[in-house]
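Sequences listed follow chains S and X, in order.
Numbering-wise (numbering that gives the first Met the number 0), the first sequence opens with residue 0 and increments by one.
Numbering-wise (numbering that gives the first Met the number 0), the second sequence opens with residue 0 and increments by one.
Each hint should be verified, as a subset may be incorrect.
[What the hints assert, rightly or not] According to the in silico footprint, chain X covers these stretches of chain S (three or more CB under 8 Å from chain X): (1) 35-49; (2) 64-71; (3) 78-88; (4) 95-105.
[Stated by the list, open to error] Stretches of chain X that chain S covers, calculated by requiring three or more beta carbons in the stretch to come under 8 Å of a beta carbon on chain S: (5) 143-150; (6) 203-213; (7) 264-276.
[Said to hold, decoys possible] The following label-pair restraints were derived from C-beta to C-beta distances: (8) S:Q118 with X:L108: 51 to 57 Å; (9) X:E368 with S:R58: 55 to 61 Å; (10) S:C45 with X:N82: 38 to 44 Å.
Don't read these hints as lab results, they were simulated from the structure.
Just so you know, even glycine gets a beta-carbon here, dropped at the ideal spot from N, CA and C.
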Amino acid sequence: MARKLPALNPDNIAFWQGGETGSLNIHHCSGCRRYFHPPAPICPHCLSQNVAPRPVSGRGKVISYTINHQRWQATLEVPYVVAIVELKEQTGLRLVSNIVGMPADEVRIDLPVKVTFSQIEDVWLPFFEKEA
Amino acid sequence: MFDRLFEKDVAISGIGQSEVGRPSSLSAMKLTLDATLEAIADAGLTRDDIDGVACWPGDNNNGDAFSPVGPNALISTLGLKVNWFGGGYEGPGPLAGLINGAMAIATGLCKHVLVFRTITEASRRQTDKTASALSNKTVGRDNSFFWQWYTPFNVLSGVNLMAMYAQRHFHDYGTRPEQLAQIAMTCRANAALNPKAVYRAPMGLDDYMASRMISTPLRMLDCDVHCDASTAIVLSRIDAARGGPNAPIRLEAIGAALHQPWSWDQIDLTAMVTGEVARMMWSRTDLKPSDLGSAQLYDGFSILTIIWLEALGFCPVGEGGDFIEGGRNIARDGLIPINTNGGQLSGGRTHGLGYVHEACNQLWGRAGERQLKPHHASVVAAGGGPLGGSILLVRE
Ligand SMILES: [Zn+2]
Numbered sequence: 000m001a002r003k004l005p006a007l008n009p010d011n012i013a014f015w016q017g018g019e020t021g022s023l024n025i026h027h028c029s030g031c032r033r034y035f036h037p038p039a040p041i042c043p044h045c046l047s048q049n050v051a052p053r054p055v056s057g058r059g060k061v062i063s064y065t066i067n068h069q070r071w072q073a074t075l076e077v078p079y080v081v082a083i084v085e086l087k088e089q090t091g092l093r094l095v096s097n098i099v100g101m102p103a104d105e106v107r108i109d110l111p112v113k114v115t116f117s118q119i120e121d122v123w124l125p126f127f128e129k130e131a
Numbered sequence: 000m001f002d003r004l005f006e007k008d009v010a011i012s013g014i015g016q017s018e019v020g021r022p023s024s025l026s027a028m029k030l031t032l033d034a035t036l037e038a039i040a041d042a043g044l045t046r047d048d049i050d051g052v053a054c055w056p057g058d059n060n061n062g063d064a065f066s067p068v069g070p071n072a073l074i075s076t077l078g079l080k081v082n083w084f085g086g087g088y089e090g091p092g093p094l095a096g097l098i099n100g101a102m103a104i105a106t107g108l109c110k111h112v113l114v115f116r117t118i119t120e121a122s123r124r125q126t127d128k129t130a131s132a133l134s135n136k137t138v139g140r141d142n143s144f145f146w147q148w149y150t151p152f153n154v155l156s157g158v159n160l161m162a163m164y165a166q167r168h169f170h171d172y173g174t175r176p177e178q179l180a181q182i183a184m185t186c187r188a189n190a191a192l193n194p195k196a197v198y199r200a201p202m203g204l205d206d207y208m209a210s211r212m213i214s215t216p217l218r219m220l221d222c223d224v225h226c227d228a229s230t231a232i233v234l235s236r237i238d239a240a241r242g243g244p245n246a247p248i249r250l251e252a253i254g255a256a257l258h259q260p261w262s263w264d265q266i267d268l269t270a271m272v273t274g275e276v277a278r279m280m281w282s283r284t285d286l287k288p289s290d291l292g293s294a295q296l297y298d299g300f301s302i303l304t305i306i307w308l309e310a311l312g313f314c315p316v317g318e319g320g321d322f323i324e325g326g327r328n329i330a331r332d333g334l335i336p337i338n339t340n341g342g343q344l345s346g347g348r349t350h351g352l353g354y355v356h357e358a359c360n361q362l363w364g365r366a367g368e369r370q371l372k373p374h375h376a377s378v379v380a381a382g383g384g385p386l387g388g389s390i391l392l393v394r395e
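Could you put the whole structure together from the sequences, leaning on the hints where they help?
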């Protein structure tokens, strides 16, 4: 099925198009030197507006996941894995993604993963795969 | 911390509920009228006494089956003359209508606020199984500030998010499927005593374990059951409630806090928002969990009930699985009977106010065959993820 894609705007475009250059871009605050997600024009920690997207390693670990078996739409391919990934740059820096390239039933909490991009139209979806 | 606890000026004076259909042949508005007119009469009031209307999540100008009737439509249809009205999704969960309505009374805007919640997901799903998909919250590309971080990854149902909380709870605390099963089994046992419940046939552990997986570790029997129904609660200023036909059920304490991002992945994955909600509620009362005779706890997905049991202090955080093991502690004759009308898992997804309706029936001694031993205090808690609220109810 056609995936739902995000509407791009000045705050989120670096995240959704970073994959074009192989880069996972996460907003970083120069005021308190912390990352935050989702991206916004202000740091939720210190309220500095001196924030900008910054490439991160793309490495992290699964902190929770689920194997979806339900065919919510007629053409949806199941099963697939939805996960919350915590990036290695900062404790608590998380995003939701899919774990790809491995059997769904081998995904575990704490599994080390790295980003891999999949382009659809003008969006590069950051999926994650098992780190070799 | 607070020098005035506004909710103590407010009481529930009447309740009403339509049929609970799967599906119902009645229109959304007819269901709403059945519930609201019953509630107004139950409070000993007339249409002309109602001077406020509150609803969560209201009608978002789209007639969605999740909430097809909002305050605007009801005010017009009933010819109400109100001083204040309000609805909307962005609040502390399915109890937000009650909390907003109570604030309207406590601030002096209103004397009697009609709070209601209508849902017609069962009939909608007859023609469109995808009606509730998260991807349908927006048209075309996802321009929602929050949902855009989920829908591109085929997070198409709330169950995917709740399943990840469950998985983490299992991982951190050793919670097991056989324990989780007790929520669904307890609700089903209770539903057998509720003529309005959607599913009343007996369910055993084998039935639960054989239930198909929806999103690991949550099975179909961990998910609530869509229905068509409307529930209404009349809130009254405490002095006015004392003149009514029912013993006032005071709003003893409210929990509505959110001290984390409004987000499904940036919050505590095993407590969600329930910790700060419960702490706020207990900070506004002298009552303790052991003072309560029943608890109506959100079971949109079974894992949420365990998390609310922990947050509200019926057992230590992380020990919810052990607490419900075997089902005795949460049974009708257990330490804290839960979801005595069958909850949303078997009773029907009335979505929030159904818990309040049942709590009042129990506190007033009107629960018929499923009446618990008499008690004067109960708690309702609803929501999951960043959506959460709780209310402590005390019958005078
Ligand atoms: Zn900062």
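To see whether the hints hold, each was checked on the structure:
For the region 35-49 of chain S, the proposed coverage by chain X is satisfied: 3 residues have a C-beta within less than 8 Å of a C-beta in that chain, meeting the threshold of three. Residues of the region 64-71 of chain S lying with their CB closer than 8 Å to a CB of chain X number 7, which satisfies the three-residue condition for coverage. A count of 4 residues in the region 78-88 of chain S with a Cβ less than 8 Å from any Cβ of chain X is obtained; the coverage claim is therefore met, three being the minimum. Requiring three or more residues with a Cβ within less than 8 Å of a Cβ of chain X, the coverage given for the region 95-105 of chain S holds, as 3 such residues are present.
Only residues whose beta carbon comes within less than 8 Å of a beta carbon in chain S count, and the region 143-150 of chain X has 6; three or more means the coverage holds. Only residues whose C-beta sits within less than 8 Å of a C-beta in chain S count toward coverage, and the region 203-213 of chain X has 3 of them, enough to reach three; the restraint holds. Counting residues of the region 264-276 of chain X whose C-beta sits closer than 8 Å to any C-beta of chain S gives 3, which meets the bar of three, so the coverage hint holds. Taking 51 to 57 Å as the suggested C-beta distance range, the pair Q118 of chain S and L108 of chain X conforms, at roughly 53 Å.
Taking the beta carbon of each, E368 of chain X and R58 of chain S are about 58 Å apart, inside 55 to 61 Å as hinted. For C45 of chain S paired with N82 of chain X, a C-beta distance near 42 Å keeps the hint of 38 to 44 Å intact.
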